[in-house]
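Once you've looked at the hints, dock chain S against the given chain P.
If you read the sequences in order, they're chains P and S. All the letters of the first sequence, read from the start, carry residue numbers 1 to 454 under the working numbering. All the letters of the second sequence, read from the start, carry residue numbers 1001 to 1328 under the working numbering.
Each hint should be verified, as a subset may be incorrect.
Said to hold, decoys possible - DSSO-like mimics (lysine-lysine), calculated; alpha carbons at most 30 Å apart, straight line:
no., chain 1, residue 1, chain 2, residue 2
1, S, LYS1005, P, LYS101
2, P, LYS145, P, LYS25
3, S, LYS1099, S, LYS1205
4, P, LYS101, S, LYS1324
5, P, LYS25, S, LYS1005
6, P, LYS188, P, LYS245
7, P, LYS188, P, LYS203
8, P, LYS101, S, LYS1018
9, P, LYS26, P, LYS101
10, P, LYS145, S, LYS1323
11, P, LYS97, S, LYS1324
12, S, LYS1099, P, LYS101
13, S, LYS1018, P, LYS97
14, P, LYS180, P, LYS219
15, S, LYS1324, P, LYS145
Claimed, not checked - Output of the computed footprint for chain S on chain P, the stretches with three or more beta carbons under 8 Å from beta carbons of chain S:
no., region
16, 98-111
17, 117-125
Claimed, not checked - In silico contact screen, one side only, chain P against chain S (beta carbon under 8 Å); selected entries:
no., residue
18, LEU75
19, PRO88
20, ARG92
Keep in mind the hints are simulated off the structure, nothing from the lab. Backbone N, C-alpha and C fix where the C-beta goes; we use that ideal spot for every residue, glycine too.
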Amino acid sequence: MEERPLAKEAGSPELLVDRLSLRLKKHALWDLLLVLCPPFFAFSYMAFYLHRAAWIGQGALLFAGMAWIGAAVLLGALRFSSPTSTTPLAARFIDEKADAKERFLTLATLVPSHSPSSLFARLRQEAAALLDRVDLSRDFPYRVKRSFVASFIVSLAVILLLHLVLLMGALFAPQESPSKELALLAEKLAQTPRLQSLARSLKSLAERLEKDKLSDAEKRTVVQELLKEIEKQLQTNPQDGESKKDLLSQAGNALQKLEQGEGKEQEQKGGGGIKTNLPDESAGKGGKQSKGSGEGNQSNSRLTESGEPKGGKSAQGETKESGVGQGDKGKGEDRDDRLKDEKQKGKESETAKSDQEGKGSKNTSEEIPRGAPPADRFAKPGEQGEGGIKGARFVTVELPEAEAERSSGEGRSGKRKAVQPKVPVSNVPLRPADFPEASAEKQPLPLEYRGLIR
Amino acid sequence: MEPEKFRDIFSSLEAEVKKAIVGHDDVIRKVLIAFFSGGHVLLEGVPGLGKTLLVKSLSGAFGLSFKRVQFTPDLMPSDIVGTQVLAEGDGHREFQFRKGPIFAHVVLADEINRATPKTQSAVLEAMEERQVTVFGETFPLEAPFMVLATQNPIELEGTYPLPEAQLDRFFFKLLVTSPQPNELTEILHRTTGVEVQEVARVLPKNGARALEESQLLLRQVLIAPPLEDYVVRLVHATQPTGQKGNHLVSEVKDYLRFGSSPRGAQAIILGAKGNALVEGRVHVSYEDIEAVIYPSLRHRLILNFQADAENVSADQILAALIKKLPRD
Chain P
1 MEERPLAKEA GSPELLVDRL SLRLKKHALW DLLLVLCPPF FAFSYMAFYL HRAAWIGQGA
61 LLFAGMAWIG AAVLLGALRF SSPTSTTPLA ARFIDEKADA KERFLTLATL VPSHSPSSLF
121 ARLRQEAAAL LDRVDLSRDF PYRVKRSFVA SFIVSLAVIL LLHLVLLMGA LFAPQESPSK
181 ELALLAEKLA QTPRLQSLAR SLKSLAERLE KDKLSDAEKR TVVQELLKEI EKQLQTNPQD
241 GESKKDLLSQ AGNALQKLEQ GEGKEQEQKG GGGIKTNLPD ESAGKGGKQS KGSGEGNQSN
301 SRLTESGEPK GGKSAQGETK ESGVGQGDKG KGEDRDDRLK DEKQKGKESE TAKSDQEGKG
361 SKNTSEEIPR GAPPADRFAK PGEQGEGGIK GARFVTVELP EAEAERSSGE GRSGKRKAVQ
421 PKVPVSNVPL RPADFPEASA EKQPLPLEYR GLIR
Chain S
1001 MEPEKFRDIF SSLEAEVKKA IVGHDDVIRK VLIAFFSGGH VLLEGVPGLG KTLLVKSLSG
1061 AFGLSFKRVQ FTPDLMPSDI VGTQVLAEGD GHREFQFRKG PIFAHVVLAD EINRATPKTQ
1121 SAVLEAMEER QVTVFGETFP LEAPFMVLAT QNPIELEGTY PLPEAQLDRF FFKLLVTSPQ
1181 PNELTEILHR TTGVEVQEVA RVLPKNGARA LEESQLLLRQ VLIAPPLEDY VVRLVHATQP
1241 TGQKGNHLVS EVKDYLRFGS SPRGAQAIIL GAKGNALVEG RVHVSYEDIE AVIYPSLRHR
1301 LILNFQADAE NVSADQILAA LIKKLPRD
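Extracted from the complex, chain P is given alone in its bound form:
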């Protein structure tokens, strides 16, 4: 078919048809964009959500994104590359608006050279007389089509469905054991070369947990080491992507959960810790005690960004936790302290030495079991003293070394440099009586020895 020459004269019927045709094409483009937009945003949201949740990797995310964009471009190309011209349609619309009885359609579709010129000129003249009946902006405004509404609703429904499915999955999925969770995380971490050693450690821990080859103490040790390793990874590679950070955080959380689980078990068994039916007056003290050493474990709070309660259920039980009131700081301290306690078992002399120097373990005071009343010998007149333990049905006895450490921690009032042990734990002889400060160095008799002496 011969191409119809484009009429350039302003106000000609053909020009009006061409303008409307262009307008319709723009409308079609808008329609396409509006139809594609809701699924695009829904897709982006879901992809980002799944990526953040580490369900899909960055590569998969990129691939899916590219595939989506490709599909959209293909759809658009197919839509607009069709040979069907919009000119007859535009002419029909104008005919309807102007009640022109197909005058514009005939003008727009007929080839003038194939038609009698006199009749064609007459038809143009008739059509031109009807031009003032049509105003493109008034008669053909853009209106949002139903397809957009449908697309929007479907996209929204898909997003809601995704959340619903995830929620249902979380509700009804069987709870994975910590070892399996750790193994799963280890697999994910192993995909990053830098984290492969950590992944191996996690996997090894998971396997050992599975086979029940770990004692509680060993487990704690390993968990603490791994937590430190994770913390180190987080600190040393802050430029890591969110997904890696999330993975590490998940691993940290899993380890903490594991540790908490152990604590709970112990608690349920009633093992360890100081148990007393005394009114809990040590709460404030506990808070005080944890203050001094909180700094060292602040970084651990990164692992628990979600703010969910964790740790805190240590061997000392909840009595301590309720009194601490320091949130994550205190919890982190507990963990370190326990670890240190394990390591330093049987190294009392070293501990004492470092304590005297004031530079050794920062958490010396934390090694004192909290929740227990202070030893009777440290009570000032008018304070608890002997009367304080009268009502107690049982007491936990501490070794003098530990007591010494605790007292040294309390005595400095939070200032490590001013450490002056009140209870000598060494066998250094007392100063002579004529020494000016001799009276001040009276050694109180520990309770536990009184019976022996008697």
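Structure of chain S alone, referenced to chain P:
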């Protein structure tokens, strides 16, 4: 010829025929459109509705030669086309061709379905080829040439329904219906009084040339390709062949034996062009097409037994098609 002149001639003819015929405005218009399109018309209606009067009035208004043939069962083809007769002159005898009534500008074939198919087919060549062959000799028919046939739909005993081939040669099939009460009153006034309305000749002596120019102008009327496409799709949709699911309407498959021939599409286009000129336009609109669909196609759709049994007419099938067929 200018479109305005065409319209003047058409309006004059229409007005003159309306002097004799009361009502049937649409029939008169369609007959005139068919005439300017160069087609033949089959008028169907019960006796006494003025079919013959209509044709006679038309021929009178045209001022053209007019012949009437009353079709009867014993009518022979030679009675229509003419025959060789032995003529004596100048002392010797020779066969001379004596022209039949077909040699006229306007031929009225009254009650065409009463003649035998052999006789009916005698007009086939004349209608389509506009020529007559007798004893191997061909005689052209003078233009303009138009056959107006009538048939009675009720007295079917002793009749011979027109074969499909002959039906297809009619440009339009028009249904002449009973007049409305007010029209009947006017008919009574005109026909039972003293005064008798005479149809005057509209076209001058050289009117045949003017008619030829009018026919040429009609064929020049502009029609947009989408409208032609609509006609093509419509005619194609009347074909009952093919799988049932492919039909636009189920009636086509259920009630038709044969669909329209290409002549149906030609009739629609030419008729629409004529209608457009009459309406004062030089281009065809959908309205023009729809105005001529029924007379163009109703006799070209061959109904099957089921349609007859269920009293389904071709017009009903066409109405369903028009309703269902999209314009673009």
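Classify the hint on PRO88(P) as holds or violated, based on whether any CB of chain S lies nearer than 8 Å to its CB. Given a least distance of 5 Å, the restraint on PRO88(P) holds.
Are the Cα positions of LYS97(P) and LYS1324(S) separated by 30 Å at most? holds, 23 Å
Taken at face value, is the distance from the CA of LYS101(P) to the CA of LYS26(P) at most 30 Å? With a Cα-Cα distance of about 26 Å, the restraint between LYS26(P) and LYS101(P) holds, given a limit of 30 Å.
Any CB of chain S closer than 8 Å to the CB of ARG92(P)? Holds, because the Cβ-Cβ distance from ARG92(P) to chain S comes to roughly 6 Å (cut-off 8 Å).
With a cut-off of 8 Å on the beta carbons, see whether LEU75(P) makes it to chain S. This interface hint is violated because 24 Å lies over the 8 Å limit.
Does the alpha-carbon distance linking LYS145(P) and LYS1323(S) stay inside the 30 Å limit? Satisfied, since the Cα-Cα distance of roughly 26 Å is no more than 30 Å.
Proposed proximity, LYS1324(S) with LYS101(P) (alpha carbon, max 30 Å): Distance ~21 Å between LYS101(P) and LYS1324(S) Cα, so the pair holds.
Next pair to validate is LYS145(P) with LYS25(P); report whether the Cα-Cα distance is within 30 Å. holds, 14 Å
Given hint LYS97(P) paired with LYS1018(S) - CA-CA distance at most 30 Å: Not OK: LYS1018(S) and LYS97(P) at ~36 Å, beyond 30 Å, violated.
Quickly compare the C-alpha distance for LYS101(P) and LYS1018(S) to 30 Å and report which way the hint goes. It holds: about 28 Å lies between the C-alpha atoms, which stays within 30 Å.
Between the region 117-125 of chain P and chain S, see if three or more residues pass the 8 Å beta-carbon test, and mark the coverage as holds or violated. holds (count 4)
Run the distance test for LYS1324(S) versus LYS145(P): straight-line Cα separation, threshold 30 Å. holds, 25 Å
Checked against the numbered hints above, the structure violates hints 5, 12, 13, 18; every other hint is satisfied.
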